[in-house]
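Visitor: Throw the hints in and build the complete structure from the sequences for me.
Now for the letters of each chain:
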Amino acid sequence: MVRILVSKTRDTGSSPVRPTNMNMKKDKNLSLKELLSNKYFNSSEVSPVQINIDKIRRFQSLRLVYGETYDHYGMTLDSLKYYFYIALLAKVLNHEGIVTTATVIIGDLHSVKNKIVENKDDLLHQADNRLKLINKINSIYNLNITPILMSEMFKEKLFLERLEKIVPIFNNSEDLKALAQKTVLKNRLTQEEKIGFQYTLEEVALIVDFDIKIGPPRETYYDQIAGIICRELCQKDFYGLYLKPTYPLGFQFDYFINHSEIETFGLTPYKAGSNKLQDNRILLETTSALKCQQLINSSFVAKNLILPNPVLDVYFISQMAGYFLTGEDFSIDEEIVSSPELLKKNAYQKLVDNIYKPLNLKL
Amino acid sequence: MKEEYIKLAQKEYQAKVKLGAKINDYYTNKVKELQLKDFSKIKAYLEAFLPELSPIISRDIIFAHLDFEPFTTAIANKIPFCIVSGLNPSSPLHLGHKVLFDQLLYFQSLGADIYIPITNDESYLDGKVKNLAESRKIAYEEIIPSIIAFGFDPKKTKIYIMSDYPDVYNFAIDISKYVTNQYVSSIFGDKAIDNSGKAFYRSAVQLAQILLPQLKEFGGPKATLIPVGIDQHPYILLARDVANKMNLIPPSEVIFKFQGSLLDPFEKMSGSKPNTAIYLSDDPKTIERKIQKAYTGSVSVLEVHQKMGGVPEACSVFSLLNFHHPDNEFVSNIFDRYKKGQINMKELKEITTKFIIEIVIDHQKKKAAVKSVDEFILNKPLNSFLTYK
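Residue numbers (the numbering used here), protein chains in the order written: chain B, 451 to 813; chain R, 13 to 401.
No lab work stands behind these hints, which were simulated from the structure alone. Keep in mind that this is a model prediction, so the values were computed, not measured. Treat the hints with care, as some may be off.
Claimed, not checked - Straight-line alpha carbon distances no greater than 30 Å define the calculated DSS-like cross-link-like pairs of lysine-lysine that follow:
id : chain 1 : residue 1 : chain 2 : residue 2
1  : R       : Lys-55    : B       : Lys-489
2  : R       : Lys-53    : B       : Lys-794
3  : R       : Lys-234   : B       : Lys-726
4  : R       : Lys-90    : B       : Lys-795
5  : R       : Lys-53    : B       : Lys-795
6  : B       : Lys-615   : B       : Lys-627
7  : B       : Lys-753   : R       : Lys-351
8  : R       : Lys-55    : B       : Lys-795
9  : B       : Lys-489   : R       : Lys-53
10 : R       : Lys-49    : B       : Lys-753
Guide: Put into structure tokens, the structure is as follows:
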């Protein structure tokens, strides 16, 4: 069996990057354990609903889901991380004999829900373009993921029935309400309370139909609600799997020290304009390769894995792309990861070779 | 009889372990008690950003901070910033002072302009010198050449003796209206202001030193960093409060661990207690004698030490290496071997004595080579707050 994506050393949270022995081959039986414990991908945050390997192996079949909203700025490179990860996990689980599907929900309706969103009709229509792009990605990288629009799911009778059942369970539970309060920003709390946390409950009604949701750590509260509802409503478990937070490119280390909320929670990976930092993200449809290079070169690169490292993320996403694209081995070696210059150079080169060129993006 | 010694030594070892934990807990608890921020996160970032990290940071000698964040921006973008660190010239400099100067030098290498007020007025008010004249002599002949010998950049270092720069007192008068005696007494206690000079000094003069770089003469309001021992934290709180009232930028602080006394690692090395300190003016024989008599983290029975190991966390001798030896790998190696009992007390004292003599003698040579202090002395007239139309 080929080993993937793991460090032999325990991540103590303070030690610098150690040499890793990572190789992936497209058609080999990849290790589930190593994928789930990969410190480059998986968040170290602990959530009550976080899946682990023992729990995952109890399933005979699994439905994985990743959901994302979007804004006018289009698709981020960080969305690719989630597409690749869910695809890889599904592949690994299928190899293990667990029949697994991977679904990507495009949250078109939720993308326009917020009052402050402008040109809502236009944004809603962008869902079709996004769907096309995901299908293109799916086809080029052979990901075998199923993208689906939220608006289509909302029309399903089963979804509407679930939502109807969830509302009274939620309204009678102070615990669920307390969790729901954590899913919204403080400045929107009153508004959300007024409408009975509609957004949150719709999200939960969608995801409880699945077994494992993949997302950023900040989505754990949705998943905790889903976990409780699932047990009550469907007599089954629901789990979350969290990838490391997404960070903006083009900043020095002081930016993270002086913006502790971004340092802790990161940006919303799929929303390009999260924290108005769209100019510090790689946007697949608009950011030129040259601009990517500038962003990468002007970014702080940490050797310590507890610190934000957006360049490592670019490198890793691009490595994953290469794996899906060609099936060639890839490895993360100490020499590259521990040298900011080498990491930047490799991150950019692999981004161009494995993502920009195959997707025919603006060079 | 031998068994009895062994049992005693085992008890002694436990007591030293407890002392080591007590020292560690002291700092950890202070961070919580005073609501300071742990420095470890900033250390992790600096470690990744800077080509070389000072042992002062890599060995956690700076352990806490208040509002250090703006200085990370200055360091990241190579923007000059400002540090103030006063010195009371009541005794010759010792290794405890060197810890401070090592920090100042390191921050200077990262872009800091350093202001060093020599507070001979405070020495006089606290009864540590007979008169101002004596403290001036110590300052000019001992303290300032010794500071210069550390290798500060004259273009980025401003030293002034309080009695020779009376303009600061005008600024202190300007500040004094923002602070009541009651406020000062609630912070420092009545004893700290038991005569009119002390009251003025603590409520206004000290603040004038801290806020001086923010005067127009020095470019106006700017972020100012003050490296302090934990006992000086109340001064910073007072200065921050007054800065706010004066529309200046509240100073920030980094807090460093004190260099332990040679006789008790839980106590501070003190210039007024010669046996607790190694002065930068000590001769090799004196250094050797003091280290020989120092408290160690090793038990008195060699056999027990070899079996149970030493306690470097509670060792005044190891602490000298930890605070002053520049080589991280060397210090880490000594720590490990001493802790495992592979280095005994005698060997540790030999290694440390040799090293400390080397750095002290080197310092003395550099001090002797200082011919003039003039280019470091600040005497710019302060009149921005006196000018009228």
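Visitor: If a hint holds in the structure, say so; if it does not, say that too.
Guide: Hints, one by one, checked against the model:
no.	hint	in the structure
1	R:Lys-55 / B:Lys-489	holds (22 Å)
2	R:Lys-53 / B:Lys-794	holds (23 Å)
3	R:Lys-234 / B:Lys-726	holds (29 Å)
4	R:Lys-90 / B:Lys-795	holds (24 Å)
5	R:Lys-53 / B:Lys-795	holds (27 Å)
6	B:Lys-615 / B:Lys-627	holds (16 Å)
7	B:Lys-753 / R:Lys-351	holds (29 Å)
8	R:Lys-55 / B:Lys-795	holds (26 Å)
9	B:Lys-489 / R:Lys-53	holds (19 Å)
10	R:Lys-49 / B:Lys-753	holds (22 Å)
Of the hints listed earlier, there is not a single one the structure fails to meet.
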